[in-house]
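Engineer: Chain P is fixed; fit chain X onto it per the hints.
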Amino acid sequence: MNLSTAVVLGGVAVDGWLLGLVAIRGRRPWLQATFAACALSFLVAGASFVGRNEGLLPPVREDVVLGLLLLTHALTAILVLGLIHGEALPRQRAITFLLLAPVPLLASLAPAEGWTVAAAYEGNVLGGFLVLCLGVALAETIYARHASPMFAAHAFWMGVGVVSLIVAGPVYVYELELLGQAPLVGANVAAPLALACFARVALLTDPYRISPRPIRGRNATAELTTSDEIVFDERRPKYALRTAEHEALSDRATLLVGRGPPRMTTSGISTASVPADRQAALRTMTTAAEFLGSFPGGLLVLEDLADLAALSGWKPALEVVVRLRHLARDTGSTVVLCPSRLTESERKGLKDLDLPWWTLPDPATELVAILKQSFGTGAVRLFDAFCRAHGLRPEDVTTDHVPALQEFLSRALTELSGVVGGPAAHGLRSQYEAAASVLRSFAAQGAVDAARGKWPSRKATDANVEFVVTAADYWKGKEMEELFAAADALSEPEPLFERARTVFVDQLGEAGEGVLRTQLARLGKKPEDLSKADLVRIADRAAVDLGSLADVVDLPQEKDRIHRQIESIRKNLVLIAEGPE
Amino acid sequence: MNRVPTKMEGLDEVLGGGIPAGSVVLVSGAPGTMKTSLTYHILHANALAGVRGLYVSLEQSRASLVDHTEGLGYRLEDTDGKLSILDLGTLRKKLTGSTAQPWMDLFKLYTQGIRKSFDYRLLVLDSLDALEILAKFREPRKEMFSLIHWLRDLQCTTFLLGELSTDMGANGSARTAYAKHKEEYLADGIFHLRLARQGEFGMQRQLRVVKMRGTRHDTGYHALVFDNGLRVTRILA
Chain P
1 MNLSTAVVLG
11 GVAVDGWLLG
21 LVAIRGRRPW
31 LQATFAACAL
41 SFLVAGASFV
51 GRNEGLLPPV
61 REDVVLGLLL
71 LTHALTAILV
81 LGLIHGEALP
91 RQRAITFLLL
101 APVPLLASLA
111 PAEGWTVAAA
121 YEGNVLGGFL
131 VLCLGVALAE
141 TIYARHASPM
151 FAAHAFWMGV
161 GVVSLIVAGP
171 VYVYELELLG
181 QAPLVGANVA
191 APLALACFAR
201 VALLTDPYRI
211 SPRPIRGRNA
221 TAELTTSDEI
231 VFDERRPKYA
241 LRTAEHEALS
251 DRATLLVGRG
261 PPRMTTSGIS
271 TASVPADRQA
281 ALRTMTTAAE
291 FLGSFPGGLL
301 VLEDLADLAA
311 LSGWKPALEV
321 VVRLRHLARD
331 TGSTVVLCPS
341 RLTESERKGL
351 KDLDLPWWTL
361 PDPATELVAI
371 LKQSFGTGAV
381 RLFDAFCRAH
391 GLRPEDVTTD
401 HVPALQEFLS
411 RALTELSGVV
421 GGPAAHGLRS
431 QYEAAASVLR
441 SFAAQGAVDA
451 ARGKWPSRKA
461 TDANVEFVVT
471 AADYWKGKEM
481 EELFAAADAL
491 SEPEPLFERA
501 RTVFVDQLGE
511 AGEGVLRTQL
521 ARLGKKPEDL
531 SKADLVRIAD
541 RAAVDLGSLA
551 DVVDLPQEKD
561 RIHRQIESIR
571 KNLVLIAEGP
581 E
Chain X
1 MNRVPTKMEG
11 LDEVLGGGIP
21 AGSVVLVSGA
31 PGTMKTSLTY
41 HILHANALAG
51 VRGLYVSLEQ
61 SRASLVDHTE
71 GLGYRLEDTD
81 GKLSILDLGT
91 LRKKLTGSTA
101 QPWMDLFKLY
111 TQGIRKSFDY
121 RLLVLDSLDA
131 LEILAKFREP
141 RKEMFSLIHW
151 LRDLQCTTFL
161 LGELSTDMGA
171 NGSARTAYAK
181 HKEEYLADGI
191 FHLRLARQGE
201 FGMQRQLRVV
211 KMRGTRHDTG
221 YHALVFDNGL
231 RVTRILA
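Chains as they are written, first to last, in the working numbering: chain P, 1 to 581; chain X, 1 to 237.
These aren't lab readings, by the way, just hints derived from the structure by calculation.
Just so you know, these numbers come straight off a predicted model, no measurement behind them.
Be a bit skeptical, because a hint or two may be false.
To be verified - Derived pair list, reagent style PhoX-like, types lysine-lysine, alpha-carbon separation capped at 20 angstroms:
no. : chain 1 : residue 1 : chain 2 : residue 2
1   : P       : 559       : X       : 94
2   : X       : 108       : X       : 94
3   : P       : 559       : X       : 116
4   : X       : 82        : P       : 559
5   : X       : 108       : P       : 559
6   : X       : 136       : P       : 559
Looking at chain P on its own, in the form it has when it is part of the complex:
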């Protein structure tokens, strides 16, 4: 076996390995199929070259070998275009596949025209087609490198792949000819390098895992039917999530893309979690393209654009926004973006795109405004008591908490019934009924209604605040005070959560509560739902998690101290779990 045959044989092995790697690790069926076809064509071409050179195969017809060579070139161009345009290529640029059409034609014409593989790159129709394929791939790569901040780094690697094929293909054959040596008929020694570059791009730009997979054939009664990209301008993405849940419950394929771990929801929303890496913008785009390509008419919610800007940079994040808009229009889908936490200049950049911009209220502010209309200035106190009772931070309150707020107010009134009677109790009940009615109608509003701007807080500023205070005074103020006191009493946190919190905070300081809440969230529990069985699980899981805290410290005394803290947390939680109520 001579050196060139050995090199090609090694390349065949690498081609096979890359083929398997992309088939196993990839998440885009169409791109995987294209890669497999391209890799297989190189693999078969290389293997047949080795077989013929080593006498293991009988001489093959020239037109068959030529057909293989043509196929490798056409598939290379299609693969490169596929890597750039993703799963949208067959749908939006189907013309690309016409590159395959001349392959059988040129191969069948070869015997008549006297074309041989050894002289494939000569200045005739055959050579022109081969160079055209590589030229298309190279031109598209160069264009992507210059036009797309998001794709620039990957375009470089694709460029390396295509250039290596050109150098080891037409350029190498030309050089061998000049030196009077026999070319490597039908094999390209750079194929493994090129395929490695393409595989790198394919795997690094793969979409995120979507869980659970949406069900095909849905889209029954969607409410948000705009085929466009809408900006939900709110302090935190609350209406965005609510809209996603609503649409998912209406049997619409809905995907939520965000930084956090996948959410446990009962509405059937699919989620994709964005890890902290520089490819975040591009992978979010490929995830969106794959999702909306598979489920046209679906809804995609990008939970926080600022995360993409922080991970990949603002320019790539903005490119995602622009491309998502095209994608939404092409697929008749809706994309919702949340610009919370963007800087002023980034918001300005986003506004310059002239996307539909919905300004939405913060539910916490609106709920306080509604309570103010009935309970005057004590509304804030009532709301805080409610938050404490449910272990919520005010900024986490959404319209989903309205039934719980009503229930809380009702309980406070019931507690008062033994103390306050007669017209005062009746008056308070009327105020509660009025507040509950407005709360219900506010909670029933979706993003579409809320975006119209009829918010309780805006009405409240028009209202005569003095009048509200006077109404409270009418009830002598005392009954109101007693209502607030009753609410405060109800707001004592659930004992079990509070006891667990004390254990964590005693050992870990301010971080303790956050660590406990993280563990709770992973169990899918709320503070008020915490049970003793959960405490044992939290104790075990927290011990494992917190063990990592000690591992990253290089001071023995500090390691010991952290281990002691962990053990203390574990023991105390078990004690609470085993102890009396």
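Structural biologist: Just chain X now, kept in the frame of chain P:
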């Protein structure tokens, strides 16, 4: 005034003797301007003189940081345990559901806890940007303000590493912003590091002390040179 010497040839002269103890100093610069090396040098040199320092790395792992700094000649063993590296970069990978963890609280938990058992006087946070992303600042300016106040209350000299983009103020144009969220107004001192063009093809690392409260310092750019250790010299045209 009690000053912390940087123990870097040329820099202490620029600073008029060192950094006022207890200051919060922002070290900002584009990638490759030696922010890590500069602050590690200060910690390492002070550790050799018996002053304890803590390096909190959110991006690089401990092994990678030690490998990098030992390549520059800063051997960790030489400090006799006076320099500690807190490897939060590895914690990010090990902690399950790390994105949901209360990173700001964890950072405070560590730095405060370690202070009790290892009375460090110098602290480096590498980097502020990584902490911001991990901790998911909802109101960056407000939270940055609160963090810097908290660090000041630690009563140790703190260096906060901040990433700047490469395409601004590199040469010629005077940079006016050294941080994303105006933390330059909150910090007591600012070191700005940059790569400046030298001739047609060359690049030179340069350092400027933009601000140092309580100090009469030289405000011009100086060359930051690494040969036998880091040193700051005049820029020769």
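Engineer: Are the hints correct? Go through all of them and say.
Structural biologist: Okay, the hints, checked on the actual structure:
no.: 1; hint: 559/P x 94/X; result: holds (16 angstroms)
no.: 2; hint: 108/X x 94/X; result: holds (19 angstroms)
no.: 3; hint: 559/P x 116/X; result: holds (13 angstroms)
no.: 4; hint: 82/X x 559/P; result: holds (16 angstroms)
no.: 5; hint: 108/X x 559/P; result: holds (16 angstroms)
no.: 6; hint: 136/X x 559/P; result: violated (27 angstroms)
The structure fails to meet hint 6 from the earlier list, while all remaining hints are met.
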